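Colleague: Take a look at the letters that make up each chain.
Number of protein chains: 6
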Amino acid sequence: MKGITFQNVGDNVEQFLLIKQSTKGITNAGKPFLTLILQDRSGDIEAKLWDAGDEDEKRYHPQAIVKVTGDIHNYRGKNQLRIRQIRPATASDGVSIGEFIESAPVAKEDMLDQLTQYIFEMKNPTIQRLTRHLVKKHQKDFLEYPAATKNHHEFVSGLAYHVLSMLHIAKSITQLYPSLNKDLLYAGIILHDMGKVEELSGPVSTTYTLEGNLLGHITLMINEIGQAAKELDIQGEEVLLLQHMVLSHHGKAEWGSPKPPLIREAEILHYIDNLDAKMNMMDRVLKRTQPGEFTERVFALENRSLYKPTIYEENQES
Amino acid sequence: MKGITFQNVGDNVEQFLLIKQSTKGITNAGKPFLTLILQDRSGDIEAKLWDAGDEDEKRYHPQAIVKVTGDIHNYRGKNQLRIRQIRPATASDGVSIGEFIESAPVAKEDMLDQLTQYIFEMKNPTIQRLTRHLVKKHQKDFLEYPAATKNHHEFVSGLAYHVLSMLHIAKSITQLYPSLNKDLLYAGIILHDMGKVEELSGPVSTTYTLEGNLLGHITLMINEIGQAAKELDIQGEEVLLLQHMVLSHHGKAEWGSPKPPLIREAEILHYIDNLDAKMNMMDRVLKRTQPGEFTERVFALENRSLYKPTIYEENQES
Amino acid sequence: MKGITFQNVGDNVEQFLLIKQSTKGITNAGKPFLTLILQDRSGDIEAKLWDAGDEDEKRYHPQAIVKVTGDIHNYRGKNQLRIRQIRPATASDGVSIGEFIESAPVAKEDMLDQLTQYIFEMKNPTIQRLTRHLVKKHQKDFLEYPAATKNHHEFVSGLAYHVLSMLHIAKSITQLYPSLNKDLLYAGIILHDMGKVEELSGPVSTTYTLEGNLLGHITLMINEIGQAAKELDIQGEEVLLLQHMVLSHHGKAEWGSPKPPLIREAEILHYIDNLDAKMNMMDRVLKRTQPGEFTERVFALENRSLYKPTIYEENQES
Amino acid sequence: MKGITFQNVGDNVEQFLLIKQSTKGITNAGKPFLTLILQDRSGDIEAKLWDAGDEDEKRYHPQAIVKVTGDIHNYRGKNQLRIRQIRPATASDGVSIGEFIESAPVAKEDMLDQLTQYIFEMKNPTIQRLTRHLVKKHQKDFLEYPAATKNHHEFVSGLAYHVLSMLHIAKSITQLYPSLNKDLLYAGIILHDMGKVEELSGPVSTTYTLEGNLLGHITLMINEIGQAAKELDIQGEEVLLLQHMVLSHHGKAEWGSPKPPLIREAEILHYIDNLDAKMNMMDRVLKRTQPGEFTERVFALENRSLYKPTIYEENQES
Amino acid sequence: MKGITFQNVGDNVEQFLLIKQSTKGITNAGKPFLTLILQDRSGDIEAKLWDAGDEDEKRYHPQAIVKVTGDIHNYRGKNQLRIRQIRPATASDGVSIGEFIESAPVAKEDMLDQLTQYIFEMKNPTIQRLTRHLVKKHQKDFLEYPAATKNHHEFVSGLAYHVLSMLHIAKSITQLYPSLNKDLLYAGIILHDMGKVEELSGPVSTTYTLEGNLLGHITLMINEIGQAAKELDIQGEEVLLLQHMVLSHHGKAEWGSPKPPLIREAEILHYIDNLDAKMNMMDRVLKRTQPGEFTERVFALENRSLYKPTIYEENQES
Amino acid sequence: MKGITFQNVGDNVEQFLLIKQSTKGITNAGKPFLTLILQDRSGDIEAKLWDAGDEDEKRYHPQAIVKVTGDIHNYRGKNQLRIRQIRPATASDGVSIGEFIESAPVAKEDMLDQLTQYIFEMKNPTIQRLTRHLVKKHQKDFLEYPAATKNHHEFVSGLAYHVLSMLHIAKSITQLYPSLNKDLLYAGIILHDMGKVEELSGPVSTTYTLEGNLLGHITLMINEIGQAAKELDIQGEEVLLLQHMVLSHHGKAEWGSPKPPLIREAEILHYIDNLDAKMNMMDRVLKRTQPGEFTERVFALENRSLYKPTIYEENQES
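Chains as they are written, first to last, in the working numbering: chain A, -19 to 298; chain B, -19 to 298; chain C, -19 to 298; chain D, -19 to 298; chain E, -19 to 298; chain F, -19 to 298.
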């Protein structure tokens, strides 16, 4: 069965979906209705439930699973699901929330193994100890949180998945440019977004915490590194360098880094971060686009509308 | 005797001066010479010592006091001191370094008293305790450091003097706008630039430390607040709010604050900081300007050249 | 009774309101309706009157007072008033327009007294005469106009109220910084926005005049000062300095001041203007926000959403 | 004889020149010298007079005419005149200042005639009267002042010459686009820079007046128009429209116009002003450049270095 | 009969119109409807066709002509046509598509004659040959395409009409400034936007081609010039200069020209292009505005709302 | 022997150097001298040759090799070589120009082999044919030209070396992100800067050609691709896609790409280009810096001064 975001206008739909959001409204004629955002792993779609009474409002709340029959139509340039029938899922349906939530394509355990391996390869004991300490401290959240609330890697375990992709690139690049210090670069990558576990509310229905709003993940993480160094009684340039890498990884003051990268590894960290984020954004939007067509405009890609060439070979992932 | 920066072209000079900087050079004709920056409390002036041998280089080092006879001439639009005679000061001259260094016009003890009074007026015990703890920890440096290496309050005790001027304004403003929380505003002002004691090297010949270059005073201070809270075992919104005030006091990302002010008191702190800094810059440059004239261009004032009106009344400070 | 903007979703409403705006519309189904903006002193709210015939259109015109029964619901993230019953107010209801319009919290006579006192304190006779002349000429409008059509002090007598708040700050600041010329600063504050009485249409339902659109209040006021000087046969630097203060009070070319502040008092005028405007904006939006919550985004505050701390003490205005 | 700016490196020079600027300096070896800026109608050149005593300083003052023998050499990428012999001109030399100062290529009387003709063609009596009044009031200065202190039309009578070039273009353009109001456009062109007669100090050695610095020519001219309307007892939209055209002729706030052009004729005025200024700048710099070469960088042309094609035909002015 | 865009709210309409766009929609209540964009030569207007079945969808397709009876009402600040009756035009109605499409006010043959004359006047044989060759190659499209899809000259033959207006201005300007090379300027104008015939899809319902999206008309045209030179076996600076003029005609990198104008004629081409485009935009929007009123905001005119003076004389086109 | 740029102040120097530039000057005292820029493979240094007569000027011309004895001193913050003895190299010295010119650390033949291998791996025959054709056409220059005149890879064979580094990164990245089309990315990298062989004058003493100045390497290369396609009689999307990749590789209009990257591979090409250029810049400046020190400010790195950590391990290249 095709995911809900891959359905085309006119397609008939009959499937289970998870309610992501439910908002009550009133028609011009004064009748109540519900605007539902329904999701499966492929993404989400809007649907209207007309003449929805108080009962319906209670029944169709966020995190509820529903079975829906209907078809896809186009409303102001976006697909909508027109509901013909809807009912809450029951125990006998045998469906669970996990089936409807997107998460990283690699298992948490595997990601942890890989991460451990990268830390193991470090030669500078201070950097290694500090990194291991912080990964251990935040291990559970680090493996479950998304990398952002939207734009890129905004799925369960997106943070760890993003970090591992970056580490793989870093491995190649340090081989090509031997002047780079591998320990600094690996540790910087592992720590750069770890503050997200304090900035964001959790792996699903993610919002910003008060700390996140008032300080942000960069500042939160620098505090964490400072505290870790204190607890481990570590002194030396390493602590300062890692704090600097986290501080500068957005690249410019206007992008949120009060200091620009001032060491080689910080500059490269910034590049790798961008490269992996952009690849993720582009892949997602191109996946939903036919060869020979342009994608919708993507705000986080400077509002560009990308083209999907027709020449992509058969055996290429798209 | 007029200070060295108030001498005009053609004036004869015979006075003691402190060597701030001494750089060796070679004339086009291959002869060695020294470029000396000489200062008294009014500021500094450049002078050339021609045909300066190795002996001279040793004798005329930074922090040495010299007696100079010469006159003022203009070189490329700036005043220079042409040296006719120069000799190192001797014990019998009875001059000491302190006489040549500018410092705040209020004694350190008095500033500490005033500061203590402002802390005493706070009603929120958490804010009070945290502020008192940090003032105590950095007391000596806080009372001696400049507020910056150039532009404004760049003199001994300039940091404390700047903070106290801001507190005086804050006192008036909280009376006029009772919706402001006085405790937050006072504490924010006291802490906002305290990170300078780690960012800068010391009260004289001030440069940036490695921490200052790689992290900056804002980040350093947020760490300090976090650590202080930990040591005092303080939790609660107050810690977060004070960290936010320090973080946001430059007002915008492109000016070095990754988060803009998000609470009322943070916004007002930003305004008061600017107001006091600008007053200090303007006063200094206008002091050296005659009524009816324009000042030199001042880079930190958006490269403006200010006008000094002729109508200023007699009894007005200028 | 709570003001209309303090009602929550679900609240029942039965009160008199003033129609601020009335616009005819057609439903998708071709039926006419009215969109009403209804206001009391707390602010305004939108309401739809369905199936509104020509009679209704005539009856429910701007400036009419109506009695409305209904309840509050949420439409696209904003509160709306759902009308159950509506009727025009009659003479016997004993309500008048003044009750529904917000105005400054200080009486016009009191503001005039305070203003007169500030002018009285001036020592420079030229500045004093010019200021007194212009205040007298525009006295009635100056005491009744708002300071803007939106964003800050957009209420009856907002202009004079804004000017007086600024004068109070100026008084404190000139005491703290004696190098400032009090006469220039006071006069600059009093005159800086006086051109609004020509730029804007009047104290209520305020729009821009043709002069306002094509020249703006700054240019209009500089003309006024020039003309006043001519009528009073005043010459001298004072006229030029006051014109410059008005010209430069927006601070930068891109904000509408072709010359930046070039005298100390003009710079400080710009700061005080900003400080008072921002305080007014922040107070208004925070008043409608619960402690521990963020406000809606405010465009004129660089689109920020401010946080209202939970620690505000009981006896603090919020 | 070639003008001084057309001499090449190595050329011998023997001619009369006017001293535009004279500045005393001191060599590294402590010897006094004079830096002279010497000019004829083609432009100016720098020269050093070594070992210049007090006598020389008095003798070689600005506005003095001198006879110089020497040759051209290159110093840091710019031509300099190396002086071999120099003496002040005497009465018997029969030279006068006017011979060394550049001025518009059309006589003042002819420009006045043309200007009168354009005013004569206006059909709207209010616009015509106002324009005639202001031209009459400032006639002498208007015909003698430069259009700027540098960049374009910075020569005697440059202002009137610039205005007439613009009027000629306006004549063509109003024929091609009959929707344009000729009276507004002509009057706007004539008045747009007339405030320069108050902003600038005079036709030669031009600097900014205090009014020019604090208010600028745009604001000064709007005052003039307002006052003229008052004196002539003129009311009506015409006054406002002309003030708007002057106010908006720099096109954008950041270029000094607080209001952008809001009427068609104001927009076109802005374009014509730019076109004529750019043509003047380009012609001057290309005149000194050989075909197939690039010009020096010109700051006012966005720092471009223009190319002079080799294909320009013989009979084309270059 | 007034054109459809000149009808006012409340006017009854009974006329033939061309369907420019037809989009199916679903009301909140689940009923299908069509949103039609209907046009005549004066422009277009939106209309809703309620309860539109599949039959209607087929009948009312783009490029179909319909007879409509209805009236004008206002929906969210824009005029809409409320349809009372609608039917497809039949053969017996005797109407054809050409009657509903705006095109240049000059016949294609006349434009070609004028163009030929301008090319004939060129003296440089290389420039003339190259220009003639390219005009000939694209003659049909060049005479039929619009100059853009929106903003200015977005009508049939708009491209040629824009080019001819520019040539007329160029003729005047080369007379006023004889230093300009007429051949370069004329050829640059003729070629500057010729790449639009590859960038755009055709004279009506114009969209961007894939080449247009990925390369743009500037790059496409430079290729064309290069190829033409190759075919004609032309070498020399002329080819390079014309390519440069096309490349730089947007004036700045951020406006799409990787090189700014580096020859005098390129700079002037840029100015003339802007002037004619702006005149076209302003004339169109002012035509629909009453004297004494402001126009709607126009995005391509920096979002300005222009004023139409009341003083325009009777015999002036508006 | 240490390269000339690695000498410290005070070091004695006795070595052969190549004259890169020779400029005649005149001292203040009127004596002629030569400013020589002398280079070896490590970079260049300035030196003054005092009292240099016409003979010296002829003898010490660019491209001449000289033997110099002298020492290093500091002049205005930069190292200078003070010449004690200098003489032209003679045949018996056995030195040749090649010894003094920096070039890529890989031999041209090896680079060509690698390049051929990358082309060999392409699967799309059109892309492969087009790329091979263009490499063949420009093979000699492509293997010898620098990648730029300054900032990065500004040495002999820098262009090919830069391209190969990029290809190596691309190889890794296409393995990590299988959605990328390897053929497009490889071909885009190989062609992206190939236009430099027309934009620049040659492998040494590199300047811009007229084509380079007026059109730039991007436009020149798009022409080349178009022409190659014509010659090979190739049609299809591939040509357009490769032209787009070259066109967009600077990433943004203000950086010289009129179209931003609109296909995934173009975006990644832009990133890889930046990454390799930045690595090259950083490596060069850090090589000349001691651990624990900051580098000089580098304009092309946003004027940053980079820090070289002290923790770099022994066996790490720096």
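It is possible that some hints are incorrect.
Put simply, identical chains are the same to the list, so a pair is met inside one copy or across any two.
Heads up, simulated DSS-like pairs for lysine-lysine below, C-alpha to C-alpha not over 30 Å straight-line [what the hints assert, rightly or not]:
#, residue 1, residue 2
1, Lys288, Lys210
2, Lys4, Lys288
3, Lys117, Lys58
4, Lys239, Lys103
5, Lys151, Lys116
6, Lys120, Lys11
7, Lys130, Lys58
8, Lys288, Lys(-18)
9, Lys88, Lys239
10, Lys288, Lys47
11, Lys258, Lys232
12, Lys210, Lys(-18)
13, Lys239, Lys116
14, Lys239, Lys58
15, Lys116, Lys210
16, Lys58, Lys232
17, Lys258, Lys0
18, Lys130, Lys239
19, Lys239, Lys11
20, Lys267, Lys4
21, Lys239, Lys267
22, Lys11, Lys117
23, Lys130, Lys0
24, Lys(-18), Lys11
25, Lys120, Lys258
26, Lys103, Lys267
27, Lys210, Lys4
28, Lys28, Lys103
29, Lys103, Lys288
Note that these hints are calculated values from the structure, not bench results. It should be emphasised that the depicted structure is a prediction, and the values quoted were computed from it without experimental measurement.
Colleague: Next step is simple, just say for each hint if it's right about the structure.
Modeller: Results of checking the hints against the structure:
1. In this homomeric assembly, Lys288 and Lys210 come within 30 Å of each other (Cα to Cα) only across copies, at 25 Å, whereas the closest approach inside a single copy is 51 Å.
2. When the C-alpha separation of Lys4 and Lys288 is checked against a cutoff of 30 Å, the pair qualifies only between copies, where the shortest distance is 27 Å, while the shortest distance within a copy is 38 Å.
3. For the homomeric pair Lys117 and Lys58, neither the shortest alpha-carbon distance inside one copy (43 Å) nor that between copies (42 Å) is at most 30 Å.
4. Taking the shortest alpha-carbon separations for Lys239 and Lys103, only the intra-copy value of 27 Å comes in at or below 30 Å, while the best inter-copy value is 36 Å.
5. In this homomeric assembly, Lys151 and Lys116 come within 30 Å of each other (Cα to Cα) only inside a single copy, at 22 Å, whereas the closest approach across copies is 34 Å.
6. Taking the shortest alpha-carbon separations for Lys120 and Lys11, neither the intra-copy value of 46 Å nor the inter-copy value of 50 Å comes in at or below 30 Å.
7. Both within a single protomer and between protomers do Lys130 and Lys58 lie at most 30 Å apart by alpha-carbon distance, with minima of 18 Å and 24 Å respectively.
8. When the C-alpha separation of Lys288 and Lys(-18) is checked against a cutoff of 30 Å, the pair qualifies only within one copy, where the shortest distance is 21 Å, while the shortest distance between copies is 46 Å.
9. In this assembly of identical chains, Lys88 and Lys239 lie within 30 Å of each other by CA distance neither inside one copy nor across copies; the values are 33 Å within and 33 Å between.
10. For the identical chains of this complex, Lys288 and Lys47 are neighbours neither inside a copy (34 Å) nor across copies (42 Å), given an alpha-carbon limit of 30 Å.
11. In this assembly of identical chains, the alpha carbons of Lys258 and Lys232 lie at most 30 Å apart whether taken from the same copy (18 Å) or from different copies (15 Å).
12. In this assembly of identical chains, Lys210 and Lys(-18) lie within 30 Å of each other by CA distance neither inside one copy nor across copies; the values are 52 Å within and 44 Å between.
13. Within a single copy, Lys239 and Lys116 get their C-alpha atoms as close as 28 Å, and across copies as close as 29 Å, so both meet the 30 Å cut-off.
14. For the homomeric pair Lys239 and Lys58, the shortest alpha-carbon distance between copies (27 Å) is at most 30 Å, but the shortest distance inside one copy (41 Å) is not.
15. Within a single copy, Lys116 and Lys210 get their C-alpha atoms as close as 16 Å, and across copies as close as 21 Å, so both meet the 30 Å cut-off.
16. With identical chains, the CA atoms of Lys58 and Lys232 are at most 30 Å apart between copies only, with a shortest distance of 29 Å across copies and 35 Å within one.
17. When the C-alpha separation of Lys258 and Lys0 is checked against a cutoff of 30 Å, the pair qualifies only within one copy, where the shortest distance is 26 Å, while the shortest distance between copies is 38 Å.
18. Within a single copy, Lys130 and Lys239 get their C-alpha atoms as close as 25 Å, and across copies as close as 19 Å, so both meet the 30 Å cut-off.
19. Taking identical chains as interchangeable, the C-alpha atoms of Lys239 and Lys11 are never at most 30 Å apart, the minima being 54 Å within one chain and 42 Å between chains.
20. Within a single copy, Lys267 and Lys4 get their C-alpha atoms only as close as 32 Å, which misses the 30 Å cut-off; across copies the closest is 26 Å, which meets it.
21. When the C-alpha separation of Lys239 and Lys267 is checked against a cutoff of 30 Å, the pair qualifies only between copies, where the shortest distance is 23 Å, while the shortest distance within a copy is 37 Å.
22. With identical chains, the CA atoms of Lys11 and Lys117 are never at most 30 Å apart, being 51 Å at best within one copy and 56 Å at best between copies.
23. For the homomeric pair Lys130 and Lys0, the shortest alpha-carbon distance inside one copy (14 Å) is at most 30 Å, but the shortest distance between copies (37 Å) is not.
24. Taking the shortest Cα distances, Lys(-18) and Lys11 sit within 30 Å of each other only across copies (27 Å), while inside one copy they are farther apart (34 Å).
25. Taking identical chains as interchangeable, the C-alpha atoms of Lys120 and Lys258 lie at most 30 Å apart only when both belong to the same chain, with a minimum of 26 Å there against 36 Å between chains.
26. With identical chains, the CA atoms of Lys103 and Lys267 are at most 30 Å apart between copies only, with a shortest distance of 23 Å across copies and 40 Å within one.
27. In this assembly of identical chains, the alpha carbons of Lys210 and Lys4 never lie at most 30 Å apart, being 50 Å within a copy and 44 Å across copies at closest.
28. Taking the closest pair of Cα atoms, Lys28 and Lys103 never come within 30 Å of each other, the shortest separation being 58 Å inside a single copy and 49 Å across copies.
29. For the identical chains of this complex, Lys103 and Lys288 are inter-copy neighbours only, at 19 Å across copies versus 43 Å inside a copy, given an alpha-carbon limit of 30 Å.
The structure fails to meet hints 3, 6, 9, 10, 12, 19, 22, 27, 28 from the earlier list, while all remaining hints are met.
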